[in-house]
Structure formats: structure tokens, C-alpha cells
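Just so you know, the protein sequences line up as chains H and P, in that order. 65 is the number that this note's numbering gives to position 65 of the first sequence; each next residue is one higher, with no gaps. 1004 is the number that this note's numbering gives to position 4 of the second sequence; each next residue is one higher, with no gaps.
These aren't lab readings, by the way, just hints derived from the structure by calculation. Incorrect hints may appear among the rest.
Computed list of lysine-lysine pairs in DSS-like fashion (alpha-carbon distance at most 27 Å, straight line) [said to hold, decoys possible]: (1) P/1049 with H/85; (2) H/110 with H/79; (3) H/162 with P/1008; (4) H/79 with P/1008; (5) H/162 with H/110.
None of the values given here were measured: they were computed from a predicted structure.
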Amino acid sequence: MDPIAESTPSTPSTLLARPALNAEEASEVVQRVRRAQAGDLAAYDQLVHQFQERIYGLCYHMTSHHEDAHDLAQDTFVKAWQALKNFKGDSSFYTWIYRIAVNTCLNHLKLRRNRTQHLSLNDLDLQPENHPDLVALVSDKTPRREANLAELQRRLNEAILKLSEDHRVVVTLHDIQGLPHDQIAKILGVNPGTVRSRLFYAHQQLQGWLADWAK
Amino acid sequence: MIDDESSKRLQQLLRLKRHETPPPGYFNEFSDTVLDRIRALESERAIPKWRRWFSRGSQSSHGPVTERGLWSVGGWNTAIGLSMLVAVVGGLYWASHLTNPEGMSGNGPLQAASLGNPSAVAPAASTVGTGQAAGTGLAAKSMFELAEPRSVQFHPVTVSISGSSPELSSTNPLPPGLFQLPGSSGGGSEAYRVRFGNSPR
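This is chain H alone, in the form it adopts within the complex (with noise of 0.2 Å):
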């Protein structure tokens, strides 16, 4: 079974955050992978259709770029296609791809540190009116009322962006797309302690730099 059906907590479902995968799934999951390392292309098809939005958007809250999201999720399906026979099944496909996603992520924004980042919010839809979270925000205790979506939308991808890598894909892979911390832990390779610590550093930055929406 996979851990990430036993131990995620319920989190609102959304289109780039559904990290739950249930029993039923994940024996599909098992099966399909199976399928796809004898060269059944059309259960790899099958398998991202299953994973495409939680890469996607992986990549997408690791660079808030479109573009670079979609070019770095296509590559992390061409990259786990071409490693598949060598997939042992030590750990669940869940997190063999999405250490994959990872690794292409941090690489390719090694090779962007230079480049000058910027954001492709027009492409974005931010739904707030139907989300609890943006209610309560926008409430009696928000003291910027009359700030528009956008400007916190734009605020809150800088603040993520300012962020080390490694801090950002623990907020990315935790607050964002609501794995647990044993998880993550066992896609980074490090220890839970880690990722809590990480965490909690990446919480202190984010704090001060969006104090006018987090208090």
C-alpha cells in the first residue's frame, strides 16, 4: 500500500493538490507500473494521466513560471519512462517520480540562478471566492481589505521565491501540496528532523516577509 494513503492527512482537494492515493489507487498504480516496465506504453499513459496535475504543479510552485513548469514535468515523465526498468519498487512509484520532479527541478534552477526570474500569473486562475482559507483572509482581521487578489497572489509567489531551494521545496512539497513530513523526507533522502527543520526556517522567512497578510 502506499504510505502516501496511509498517512496523508484530508486536505482540501484541489486540481494541483491531491497527494492521497487510496488502496484501490494504489494497486493500479502497482499494476500499471508493472505493465509500463514491459513496454506498455499505454499503461505509461495511464500512469501520467494519474500523476500529471501533482507534477505539474510540483514544478510549477518550485519556479511560478508556466512554461518552465510544463517543460520540466514533460522532461521528469521522459526521464521516469526511460528509467523505468531500473524502478525496483523499494519505494512506491509516488515517490520515485516525485524525487524525480526533484531532481529536475533543482537542476534546472541551478542553471536559471542567473537568468532573471520572473512570474506568468496572466495564465493563472486563482479561484478564491469558493475557498475557505481566502474568506477567512479577506475577513475583519485582514488589515489590508482593499488589497486585490493579484497583489497578494503576486506578494506570496515573491516570498516563495525568495526562498533557498531547498527550503522551498518543503514548503512546495508540505504546505502547498500537503505531503506528511516522512514522506518528503523519503523523497529528499534526508531524515524527517530535517524536513521540520527546514520547515520551520522557511515558516520564520515567509513570516517576515509576508507580515501584513500572516498576522
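Please arrange chain P on chain H, whose structure you already have, making use of the hints.
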């Protein structure tokens, strides 16, 4: 230190990121694009390495290698470059044989030397101006070795003028087979005489 309320608010903010979505319909074609790339890689893998190498330069890294690409600009450039290289190497090889004109008739200096026929190699030796080389197998060496600077020894020449008919006499030993004057026996140490103009004998 972050208090619980602030931490909760921050996590609420971060969860808003979940609502950032790509353009509508984006995921409908995502897997098709991935599979197209995989098929292209698989078909490229099926082509032999030498053909892939030959078509390199005209194909994108993600694109498939097609038959059309095999003889495209990159392929022609490679072919022309190889032809030029072969021409240069071949030219150098033949040039080494052309130092002896007789070599063109198939009786090259190497052959002559190996057959123990010194007279056959003498013309080749004369081109470097050393008579000592004749019959010593020097002609069997390549043009590059012959082009190296060689020390040439000159022997003293004495000039004597007697009466009204100046004569030159030399004690320069003649190298065997070279510069032999009519009437002389061709000995290496024999002196010879040269007459000027219309001076009487």
C-alpha cells in the same frame, strides 16, 4: 518565534497556491505530448549509432531522426570534410613518391635500393647535393627525412696561375660517379684542370 496564530495564517496563505491552475484544457494534451516525445526517443534508439551520428547537426535534440535528415546539411558537411581529409593525406603520400620521377614507373628508389642497384638511386641522391649519399641507401628515405638540414663538407681548392694561360687546379676529391670530366678516370682523389675561355692548352 512564530506564534500559532501567525503560523496558521501563513499556512492558509500558502494553501491559496493550490488554486493556481494552468490554462483550461492544458492537461488534455499533456500526456499526448509526453508520449510523442517518448516515441521519438524510442524510434531514435532503433536507428544505428553511426546513422544517428551522421545526421547529427540537422536534428533537434527532441525531434526524430528521419531518412530525410540522414543526407541533410550536416551529413553533407561531414562527407565533404572527410573527402578533403582523404585527399590531403593521399596527396602527401604520393608527394613522397614523386621526389623520384622514376618512382612513377613503378621502379621506386626503395625498390632499387632493396635490389642492391646503386645506380638506380643516384639521381634521387643528387637532388640533395651530396655525392656521398650515392649508393648508401639514402634515397630509400622519405622526402621528409631528405628535407632535413645536412652538413656538407667542402675540401680546399687551390688555384694556380702559370704564364699567360691561367689554369685552375683543385685537390678537391671527386665523389664517385659525380662531376667527372672527360678524360679523367673518375677517381675520388684525382685532381682536375679547368681551362678558361680560349686560352691555349
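Evaluation of the provided hints:
1. Pair hint residue 1049 of chain P plus residue 85 of chain H holds up; C-alpha atoms about 22 Å apart against a cutoff of 27 Å.
2. Restraint check for residue 110 of chain H and residue 79 of chain H: the C-alpha separation of about 18 Å stays at or below 27 Å, so the hint holds.
3. Between the alpha carbons of residue 162 of chain H and residue 1008 of chain P the distance comes to roughly 21 Å, so the proposed pair stays at or under 27 Å and holds.
4. Of the supplied pair hints, the one linking residue 79 of chain H and residue 1008 of chain P is violated, its CA atoms being roughly 37 Å apart against a limit of 27 Å.
5. At most 27 Å may separate the alpha-carbon atoms for a hinted pair to count; residue 162 of chain H and residue 110 of chain H meet this at roughly 14 Å.
Hint 4 from the list above is the single one not met by this structure.
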